Each structure stands twice: as structure tokens, then as C-alpha cells.
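**Student:** Take a look at the letters that make up each chain.
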Amino acid sequence: MPDYVDLVDLIVKKLVTNPDDVTVTEARSDAGVILITIKVAQEDIGRVIGKKGSTINAIRHVAKAASIKSGERVDVDVKED
Amino acid sequence: MARDRDEQAPLPEIDCAVLECVSVEEACARGAQIWDIKPSDIEAKILTEDKKFFGLLGSNLRVEVCPFAPVSYIKSCYLMNDILEKMDLDLIPELTDDGMINLVGEDAGVVIGRYGETLKALEYLTNLICHYDTSTRRVRLDCGGYRERREQTLARLAESVAREAIRKGGPVSLEPMSSWERRLVHIALRDNDEVETNSTGEEPFRRVVVHPISDSSYQA
Chain A
0 MPDYVDLVDL IVKKLVTNPD DVTVTEARSD AGVILITIKV AQEDIGRVIG
50 KKGSTINAIR HVAKAASIKS GERVDVDVKE D
Chain B
0 MARDRDEQAP LPEIDCAVLE CVSVEEACAR GAQIWDIKPS DIEAKILTED
50 KKFFGLLGSN LRVEVCPFAP VSYIKSCYLM NDILEKMDLD LIPELTDDGM
100 INLVGEDAGV VIGRYGETLK ALEYLTNLIC HYDTSTRRVR LDCGGYRERR
150 EQTLARLAES VAREAIRKGG PVSLEPMSSW ERRLVHIALR DNDEVETNST
200 GEEPFRRVVV HPISDSSYQA
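So the protein lines, in turn, are chains A and B.
Quick note on numbering that gives the first Met the number 0: the first sequence kicks off at 0 and runs consecutively.
Quick note on numbering that gives the first Met the number 0: the second sequence kicks off at 0 and runs consecutively.
In case anyone wonders, no lab produced these hints; they're calculated from the structure.
Treat the hints with care, as some may be off.
Taking lysine-lysine pairs in the DSS-like style, the calculated list, with each CA pair at most 25 Å apart, reads [claimed, not checked]:
1. K50(A) - K12(A)
2. K13(A) - K78(A)
3. K51(A) - K13(A)
4. K13(A) - K38(A)
5. K13(A) - K85(B)
6. K12(A) - K37(B)
7. K51(A) - K68(A)
8. K68(A) - K50(A)
9. K12(A) - K85(B)
10. K51(A) - K119(B)
11. K50(A) - K119(B)
12. K119(B) - K13(A)
Examples of chain A residues lying across from chain B (beta carbon under 10 Å, computed) [what the hints assert, rightly or not]:
13. P1
14. K51
15. S53
16. H60
17. V61
18. K63
19. A65
No experiment lies behind these values; they were computed from the predicted model shown.
Each residue gets a CB set at the ideal place from its N, CA and C atoms; glycine is no exception.
Based on the provided sequences and hints, a complete structural model is requested.
**Tutor:** Encoded structure:
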């Protein structure tokens, strides 16, 4: 089984300037969707989202590809305060 | 159109260092520290060897060490390996001489994704993380000959869009594509005297537009 939290954590920690401030959590909705939430330092939010969301979309693609074999549904979001 | 040509950028230089040490193993280990890569990814060449007391006390070596490929490509391979493992996919990255990481294994279909979008996402992320010198060629990902098949598909698509533009007598635009794909379309129609191609829009929605040369509304 893929570990979505570990996968997203690995990628995000390499993208940001403050890897120690990265937390990635997993929640399962009633509909069975696994929602991965990324929390990073304020100044790193732009790095994780990217121009026009290009970076967060790439992360979503990778997480979704990881879920194909198991048939799970997964989505990734960035938490903004 | 400048961004459509970045596939032709030069490969990153490979740094080398000359170290004084007692063994090739030591040279590889120290080289690995310099570039923060694995000792097995270092190539070592002995330049000179001074035997201490006729070799009875070992030797002093001067060894030239180099990473076997550009460091950013080697690190991209490590990153791909880690990501694929966490994705639980049975694939191994193999680096080719021209800066392509070929993903080899059973889960090829999964990693390519629809229209290669997963491969593109991984390529984008690995370059963002590992490839700092944007004047040099980015690392590219391939899997199971996907790029070659896509190249043939795009060449066929380009030809049919060119015919459509000529028939219609006006510009025809293609779907948004990556710089690599747009470049393939430009190349496919480069020798076609009846049409011209250019790219328009902003990433990630940048697309190729094919204009018939007879189209008076188009100004080059």
C-alpha cells in the first residue's frame, strides 16, 4: 500500500526552505476519500503551490497515480491560515 | 518560442576533483561527500602512485574523482527512486547518457498516466527540486518507450492539423502541451511550406497554433 503522507512529506520537504515546519496529515471523509493536508511555514506556501498551482497540481497527480493500484481516492490540499 | 527549445540546452558540466589519499575507496568516499552522492556513483582514476618504502607501507595516490553523470541528474535518480518506492510502484530509474531517466519495471502504465500526465508531473517536480542551473538541459523522464510513441503520435497529429488549417484557410490551435511536445509539433511541420507554427498562451496552457501561409489575417 502506498503511504500518501510519507510520499507527500518527502516531496514537500525538498521544495521548502523550512523543512522542519512541514506537517502532512491524512483524514478520511465519509465518502471514503483520503484527504492529505499539507501545512508549511507561511513563506513557503507559494513554493508548494507554484505558479498558477502548477506545483500543487503535480503533487496531486503523483498522489493520485499512487492510488491507482489500490483503487483508493486521494486528494491533496495546502492548509492556509 | 524560446521555451520550446530548452530541450536543446547543453548538458550540465561534470565537476572533477583531484584528491591525495591512500586508496581508491577513500577517494570515492571523499568524492561522495563533496557532491553528497553515493560512493558507487563516483568514478575514480589514479593519476600517480607513490609507493611508501617500496610499497611495504602502502602508497600515496593522487586520484581524480568525478560523478559518473551531472550531479543534478544523479540526485534526480535518487529522488525518483524514493518517490517510486513511496508510491509502491515496481519501477527502477536508470540514467542514460543524454540526461534521460528511464523508468523500468512492471508498473510502467501507472507511472505514465493519461497522456503522460503523471510522467510530466514527476519530471516537473524532480527538476524543481534537483535542477538549479536553468541554462542547462533539464532531466527528462521516459518509461517503456513512451516518448518515442508520443513523438510518432504528435507527428501524425501535426500533419492532420496542418491539412485542416490549409483546408479551412485559417489558424488551427492544438491542445495545451508541454514544451517538449510543442517542440515536436514545430519540428514535424518545419519543412511544410504551406503552414507556419507558433506557440501562444502561458504555461501550463501554452499551445501550438498552425497557420496556413495563405492566411492574410496572420502576421508573422
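**Student:** Work down the list of hints and note, for each, if the structure agrees.
**Tutor:** Verification of the supplied hints:
{"no.": "1", "hint": "K50(A) - K12(A)", "result": "holds (18 Å)"}
{"no.": "2", "hint": "K13(A) - K78(A)", "result": "holds (18 Å)"}
{"no.": "3", "hint": "K51(A) - K13(A)", "result": "holds (20 Å)"}
{"no.": "4", "hint": "K13(A) - K38(A)", "result": "holds (14 Å)"}
{"no.": "5", "hint": "K13(A) - K85(B)", "result": "holds (15 Å)"}
{"no.": "6", "hint": "K12(A) - K37(B)", "result": "holds (21 Å)"}
{"no.": "7", "hint": "K51(A) - K68(A)", "result": "violated (29 Å)"}
{"no.": "8", "hint": "K68(A) - K50(A)", "result": "violated (30 Å)"}
{"no.": "9", "hint": "K12(A) - K85(B)", "result": "holds (14 Å)"}
{"no.": "10", "hint": "K51(A) - K119(B)", "result": "holds (16 Å)"}
{"no.": "11", "hint": "K50(A) - K119(B)", "result": "holds (16 Å)"}
{"no.": "12", "hint": "K119(B) - K13(A)", "result": "holds (18 Å)"}
{"no.": "13", "hint": "P1", "result": "holds (4 Å)"}
{"no.": "14", "hint": "K51", "result": "holds (7 Å)"}
{"no.": "15", "hint": "S53", "result": "holds (6 Å)"}
{"no.": "16", "hint": "H60", "result": "holds (4 Å)"}
{"no.": "17", "hint": "V61", "result": "holds (5 Å)"}
{"no.": "18", "hint": "K63", "result": "holds (8 Å)"}
{"no.": "19", "hint": "A65", "result": "holds (4 Å)"}
Of the numbered hints given earlier, the model fails hints 7, 8; all others are met.
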